[in-house]
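Modelling step: build the complete structure from the supplied sequences, incorporating the hints.
To convert, note that position 598 of the sequence shown is 598 in our numbering; the numbers rise steadily by one, no gaps.
Hints are supplied without guarantee of correctness; some may be wrong.
[As the list claims (entries may be wrong)] Here are the computed distance ranges between Cβ atoms for each label pair:
no.	residue 1	residue 2	range
1	Glu444	Glu466	23 to 33 Å
2	Val145	Asn298	38 to 48 Å
3	Ala340	Glu265	37 to 47 Å
Worth flagging that the hints you see were computed from the coordinates, not collected in a lab. We put the CB at the ideal spot given by N, CA and C, even for glycine.
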Amino acid sequence: MSRQMELESVPGVGAKTATALRELDDPKRALRDGDVATLSQAPGISEGRAARIARGAIRADHDDPGGFAATPRAREIFREALGLLQSRTVTDYAAKRLETLYPSGVRSRIEEVRAFTERAMDREPDPDVRAALSGVEPLSDPGDVRVRDRCLATSDAERYAEAQEAVPEVSVEVVDDARQLAELARSYSTVVALDEAFAGVDVEGDVRVEPNALEEPASVVPERVLTFFARNRDRVAAAAAVHRVAGLDAPCDLDALADALDRLEEDGSVRGDDELDRLATAVDDLDAAVSTAESVANDHLREAIEERDVTIEGTDLLSLVERGAGVDSLLGRELADEYAAAVEQARDHLVDALDLRDTETMARRAFPDEPTYPVERQEDVVSRLREELTAARDRRATRQKRELADDLADVRGDAERLVANALELDVELAVARFAADFDCTLPEITEDRGFDIEGGRSPLLDVPFEAVEPVDYGVDGVTVLSGVNSGGKTSTLDLVALVTTLAHMGLPVPAESARIGRVAELHYHAKTQGTLDAGAFESTLREFGALVTDITADRPVMVLVDELESITEPGAAATIIAGILESLTEREATGVFVSHLAEDILEASDADLAIDGIQAAGLVDGELRVNRSPVKGQLARSTPELIVEKLADDDGEDGFYAGLLEKF
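So this is what it looks like as C-alpha cells:
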C-alpha cells in the first residue's frame, strides 16, 4: 500500500489532510504515538483537529470499530470523565492530548493505556513541577525566515529547482561562468556555489564552493536553526526547568544548552562577540563619525585662519575664503601645515571613533590631501568604506551564526524531546492528580459479564467529593434496581457508567476496588421528561429492538436504563420492560434497569429476574435516611410506605394509618 493510501486510510484523513501531514518528518510515527504536538505542526491542522486525527489513527491501529458510548447519556458521561482529567492539566497541549484517550472495547487498546496509567500513577503531583510546566508550550517552527545578504548559485537547472525547495530562505541564481559569479559577489556578501566546476575560480568577494551544501541547509542558512531557538527560547528553558524540578533524565546537557541559548538575541542574531559588535557599530555610526570628523577639521582650520598673521587681517581673509576666492592657492601658500594638521585630526577622529582596524588605510583617504575649505569627505571613499565594513560585518555575523547554528543544530532534536517530555509529563500528572483527588484504583478487566464495585464514589455529584457516601454494588447479569425517591438510584447508575467508561479508557476508577466485565458498547438511557408521543415511543422501542438483536458474544454490551416507564402508561411500561429484560438475559448482557415498577415488572416477566433495592433506613426529622449501597435480592420500600409507617407508629395499632400501612 502506498504512503498516501496509508495516511488516507486513517478515519478523518482525506486527500487534503494527508497532503498536510506529509509535510511532517514522520507523520506515521506521530499518528501511531498520538503525538498531538507534532501533528498540529502540519499546515492548517489545529491541536483539536490533531487530537481527533490521532484518535482515528489509534482506532485504526487497534482495529477498533468505535461506538463504545452508544447513547447520548453515555457520551455525556465520557465527556464529563474527560473533563475531570483535562481540568487537572497545566498546558493546553496536555488537555488536547488527553482527547486521544477514549473508551474502547478492544483489549489491546485498553492494555496500552493501562500501561501508561500505571506509569502516571507512580508520579508525584508536585506543585513545583506544576508551576514549572506553566511556561511549556509545543515548539513552533518559524516559516518566515528570509535571508537577503547571500545567495546560492548553480549552472544546472535541475540543481536550481532542488535548491529552491531545500533552502527557500535564500535566493537561488543561475550562472553560466565566473564572470556572472563575480557579478553576484558584488551584490551579495556571500555567494555559495553549488557546482564543483567553480572550484578554484578566482573571484573577488566571499564566494564559497560547496557542492554538498543542500545536504546541510544549516550551513547555508544558519538563521533557520537560530530563529527556531530564538522564538522557542522560553519554551525550551521552561522544559529544562521541568526536567530539573521533576528529576527527569534530560536528553542533553541542560547547562550547555542554556549557555548556547544565552548567546542568542531575540531576533536570532549572535550576542557576545566583541569583533562583531565593533563592526556593527562602525557601520551604524559611519555617517555620524564622518560628519563629526569634518567638523573637527573645519573647527581647527577656522581657528588657525582667524589667528593667522598675514598681509590682510584674519577676519577679512576668512571672509574671502568663505566666498571661495582663491581658496586652494591661499591655503597652499599660507596654511599648508595647518590644513595638514586639520585633516590629520579628522582622520584620527574617524579611525578612533569607529575603532577601525583592517579598513584604517581606506578610512584615512576619506579626507583629501589637497587643501580645501571647508574640509569635506570624499563620498566615493566613504561609500567604499561603508561597503567594506558592511561586508566584513556580514561575513563575521554569518561565521558566528554558522558556528552557533552548528552547535544548536546538534541539539535541536534533543530540545524537541525535552519539550515533548515535559508536555507528556503534564499528561501523566493530570492522571496522577485525578487518581489522587478521587482515591482511584486500577480496575480489573475481565471477560465475564457484569461488574463489582466496592467503595465507589462518584465525582460527578454536586457535592464535595469528601462528602460522597461510598457505594458497594455488583451485578452479574441483568437486574432491576428499585429504591425510594431521592435514594440515589440515578447517581448509582452514573457511578456504574463512569467506572465502566474509565475502565474501558484504561484509566483508574474512583473506588476502593472494581471488577468490570469488558463490553463493546455502553447503552445508558437517561430518564425522559414526560410521556413520549406515539412516534417517539415507537422510535424508542425500535432502538431497544435493534439493541437486543445486535448483541453477540463478540460484541457484549452493558445497558443502563433510568425509569423507562416514564415513556408510556405504567401498566404497559412494566410489560415492555419485562420483555426487554428477558431478551437481555437470554443474550448474556449486563444490565441495570432503575424502575419504580419493580413488582409489576417481576409479575409481567416469564423469566426469573433479579432485583436489587436501595433501602431506606427511615425518616429522621423529616429527612430520608438511605443505605446507598443496593441490597441484593430485595425490593426497596417506597417513600410513601415509609411515611405511612411513621404515621402509623404515631397513631397506634388501631388507627387509620395502621390500616393504610397494611395495604402496602
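Consistency of the hints with the structure:
no. : hint                        : result
1   : Glu444 - Glu466: 23 to 33 Å : holds, 26 Å
2   : Val145 - Asn298: 38 to 48 Å : holds, 46 Å
3   : Ala340 - Glu265: 37 to 47 Å : holds, 44 Å
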